[in-house]
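Participant: Sequence:
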Amino acid sequence: MPMEMIKPRLVVWICTSKCNLNCIHCYTRGRFPSRELDTDKALKLIDEIAKLEPRHVSFTGGEPLLRKDIFTLLERANEYDFSKDVVTNSTIITREVAKKLYELDVNVIISLDAASKETYMKMRGWKWEKALEAVKILAEEGVYFT
Numbered sequence: 001m002p003m004e005m006i007k008p009r010l011v012v013w014i015c016t017s018k019c020n021l022n023c024i025h026c027y028t029r030g031r032f033p034s035r036e037l038d039t040d041k042a043l044k045l046i047d048e049i050a051k052l053e054p055r056h057v058s059f060t061g062g063e064p065l066l067r068k069d070i071f072t073l074l075e076r077a078n079e080y081d082f083s084k085d086v087v088t089n090s091t092i093i094t095r096e097v098a099k100k101l102y103e104l105d106v107n108v109i110i111s112l113d114a115a116s117k118e119t120y121m122k123m124r125g126w127k128w129e130k131a132l133e134a135v136k137i138l139a140e141e142g143v144y145f146t
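Read in order, the letters of the sequence shown are residues 1 to 146 in the working numbering.
FYI, nobody ran anything at the bench for these hints, they're computed from the structure. Glycine included, C-beta positions come from ideal geometry on N, C-alpha and C. Incorrect hints may have been included.
Below, in silico cross-link-like pairs of lysine-lysine (PhoX-like), each with a Cα-Cα straight-line distance of 20 angstroms or less [as the list claims (entries may be wrong)]:
id, residue 1, residue 2
1, K18, K68
2, K68, K100
3, K18, K130
4, K18, K41
5, K122, K100
6, K68, K7
7, K68, K51
Between beta-carbon pairs, the in silico distance windows are [said to hold, decoys possible]:
id, residue 1, residue 2, range
8, K68, N22, 41 to 49 angstroms
9, P2, A114, 46 to 54 angstroms
10, M121, P2, 53 to 61 angstroms
11, T94, C23, 35 to 43 angstroms
12, M3, K99, 40 to 48 angstroms
13, K130, P2, 46 to 54 angstroms
Take the sequences, apply the hints, and build the full model.
Facilitator: Structure, rendered in C-alpha cells:
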C-alpha cells in the first residue's frame, strides 16, 4: 500500500542569491552562483508549491526584493491559500515597496542582526540608518513585520 505524502507546513524558497550586502555570517555569501529562475519558471514553481498545500511560503535569498519580478511572484502566490513572507535585509524598502507589500498582504521578516549600530556595521558593513528607516516606513504603512 502506497504511503500517504505528508504535506509541508512551510516552504522556504531561496528565490535569488543576489544581495546588496556582503554580510560576514550569510550562508549565500559567495557560495552560490547568481542564478535564479526566470519569471515563467518561477510562476510555475509557485503553482507546483501550491499543489503541496503548504500553510506558509517564505520568499528568501539573498535579497528577494532585488528580483525585478518579485511582486509578480507575490501576486501569483496570492492566488493560493497560504500565507507568505519576504525575508529581507530591509535596506531597499521604500514607501512604494511597503505599500505594495501591504496591498499583497505580505508579512516581512527583517534580518536586523544586531542591536547596536557598531555591531551591525561590523557584520553588514553599512546601511544601518536605511534599515531603521525601513522599519519606520513598514510601521507607517501598516505592513506586518518582525
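Participant: Evaluate each hint against the coordinates.
Facilitator: Hints versus structure:
| no. | hint | result |
| --- | --- | --- |
| 1 | K18 to K68 | holds (11 angstroms) |
| 2 | K68 to K100 | holds (14 angstroms) |
| 3 | K18 to K130 | holds (19 angstroms) |
| 4 | K18 to K41 | holds (18 angstroms) |
| 5 | K122 to K100 | violated (31 angstroms) |
| 6 | K68 to K7 | violated (30 angstroms) |
| 7 | K68 to K51 | violated (25 angstroms) |
| 8 | K68 to N22: 41 to 49 angstroms | violated (21 angstroms) |
| 9 | P2 to A114: 46 to 54 angstroms | holds (49 angstroms) |
| 10 | M121 to P2: 53 to 61 angstroms | holds (55 angstroms) |
| 11 | T94 to C23: 35 to 43 angstroms | violated (21 angstroms) |
| 12 | M3 to K99: 40 to 48 angstroms | holds (45 angstroms) |
| 13 | K130 to P2: 46 to 54 angstroms | holds (52 angstroms) |
Checked against the numbered hints given earlier, this structure breaks hints 5, 6, 7, 8, 11; the rest are met.
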